[in-house]
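Enquirer: Letter by letter, the chains look like this.
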Amino acid sequence: MTEQVFAVPASIEGMVDDLREGLLPPAVFHDRDVYDLELRRIFAKSWVYIGHETEIPSRGDFVTRNIGEDPFILIRDEQGELRVLLNACRHRGAQVCRVQAGNTKGFVCPFHGWTYRNSGELVGAPVRTQGYAALDLKEWGLFAAPHVINYMGLVFANLDPDAMPFEQYLGDYKWYFDIQFALSDGGMEVLGEPHRWLVDANWKQGAENFCGDSSHTQMTHRSVLDVGIIGSAAAGAPKEGTGLHIHDCSGHAISIRQIPGEAPFISYPEEVTRHFHPGVLNQDQFDLAKRSLLQNGTLFPNFSFLHIGLSDSPEKPQAGFLTLRVWQPKGPGQMEIWSWVLAPKEASPEYKRRAYQVGMSSFSPSGSFEQDDVAVWPGVTRSAGTVFAEMNDVRFNYQMGMGDMSSSKPLADWVGPGVANSTNAGEGGLRTFHKTWFERMTNTTVEISDHD
Amino acid sequence: MTDAAIAAHAVPISTIQLVEIGVQRLCEEFLKLEAEYLDDRRFADWFALLDPAIDYEAPVRTVRENWDGSGISATAFYLKEDYDSIETRVKRLRSRYAWSESPATRTRRLVSNIRVARHDGNPTLMAVRSNLAVFCHRGDAAHPQILTAERFDAVRIGTGEPRLVKRTAILDAAVLGLKSLSIFI
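Quick mapping for you: the protein sequence lines, in order, are chains A and B. So that you can map any letter, position 389 of the first sequence is 389 in UniProt numbering, and since no number is skipped, the others follow by simple counting. So that you can map any letter, position 14 of the second sequence is 14 in UniProt numbering, and since no number is skipped, the others follow by simple counting.
These are computed hints drawn from the structure, not numbers from a lab. A virtual CB, placed ideally from N, CA and C, is assigned to each residue, including glycine. Treat each hint with caution, since some may be false.
Which bits of chain B does chain A cover? Going by a derived footprint, with three or more residues having C-beta under 8 Å, they are [what the hints assert, rightly or not]:
| no. | segment |
| --- | --- |
| 1 | 67-79 |
| 2 | 83-95 |
| 3 | 165-176 |
Use the sequences and the hints to build the structure in full.
Expert: The following block contains the structure:
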């Protein structure tokens, strides 16, 4: 692959020693060379989230999405197949689709008129008999992602022809991932169009945060604790027993807040939980969901989820919902956040409206939580580019909960996969994220013993 | 029907409909006062302008083909608020830990193209349509982020002070350039 000409930038070459110490060079959030390599070795080679099947229920339905910075069309073709097509005419490269969503049988390029079916197949070009008589239509369809999978309604694509199968990529993380999407037979349904907004921070700020940055909530989100729309068990200081961090789980991580012996069930009300049963989950997975206040994680690289119950007023009961988000890179110093709110398919229309309202009020551009995350993150991106940091060979500290730093040891008898800690006073999930990132960037495997 | 329910069935004002000059002035001054309170961060005074039955929304919009509808979502919103949720947002802004507005965005609201008509079925409920531009200066950034929107409001006049009963604020942006919508629009 031509990507091999991009060498690993010197700024991250020796990073493995930093990772062993729980440190991170600021270059990962700033350097253009690093970013250019990310687009090629991470976004072009990972399973990247594209959209949810419930966003395009009918044949011809489409939405436009991105992989890295490349524009794609996710469309359900006339046969009902999900296609992920590069939004670029095969003739001279103009975009064949210039809207964000719709329904169509095909695309006509506005430049010279090359015409494609909604499967991406080229069906014609103007004055073909005069000027393109020998054009082999079969060879000139829209470029399509070589691998597309619909996993529990989630559509992921991988641009690498040699990509490992999605289930292998997910690996042991499946145990936690499936809980989010399979509590009821119908699975989860997307409620409405996504929020999209720009934040002047590196995409990894969002991705690492959802790996289990449990100690930021009491500070970054102190205002929502003050107002009383969430309890301290769910967003206060990390705590032994209620906190649960799982890291090094096939390269991914998850953070859980739970109340052992109780059944908050992510604050879903009885009218919703009566549709929940183990189904494809085993009893251990189901029991974990039952005692959970919230679960959040990142499937490497830039797809995160948060399953939580909140309210938009202390006067109103909490409502459970699932938010999905994509941290889309737009250069080293900017990302576009995409977020969706989901609820179990079996929930009533009234409950879905309520779940949407609560989800939007907490995690969206106007979200009472998320507003404050994005107020803080741009500062990191700015610090990462400072000359003085470079002069002083500065490293960011990700040592929280690592080795002797932690007052507790990993759980020896944990029922699920990965390394589990019964306290969330740690940054093990973030270390997992950056270790995975380094491995993918350098095509190496790193052995790090992280007894969180 | 409640005022909010009547307002929900409001027809957009698309012809010249003259109302009494006093009513027109009252509605215009109401929107200007509201903008002043918000720009001055007098949130308690602003909140007092809202009817307890307030239905306040800002829908998400998506770019669609011209023949494929407005693209204004019926199900996705940047704001979908009632009296209690707005009160919670206002309370949060009083916390010194509300980092998105601490330090605060300096906003300058320009309200124009104000059109006023009566709602059918309720002589004291006015349909008020306006254009809004909000210049948002944050931190030490030299240039503002600008939000523009069209607002469809229902304002109750008659006995007592005017009150906002319903607002639909339709933003022109399909992707927000503002990192957080931590202001009211």
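Enquirer: Run every hint past the structure and note whether it holds.
Expert: A quick look at each hint next to the structure:
1. 67-79: This one holds; 8 residues, not fewer than the three required, reach chain A with a Cβ under 8 Å.
2. 83-95: Holds: 8 residues of the segment 83-95 of chain B have a Cβ under 8 Å from chain A.
3. 165-176: holds (count 3)
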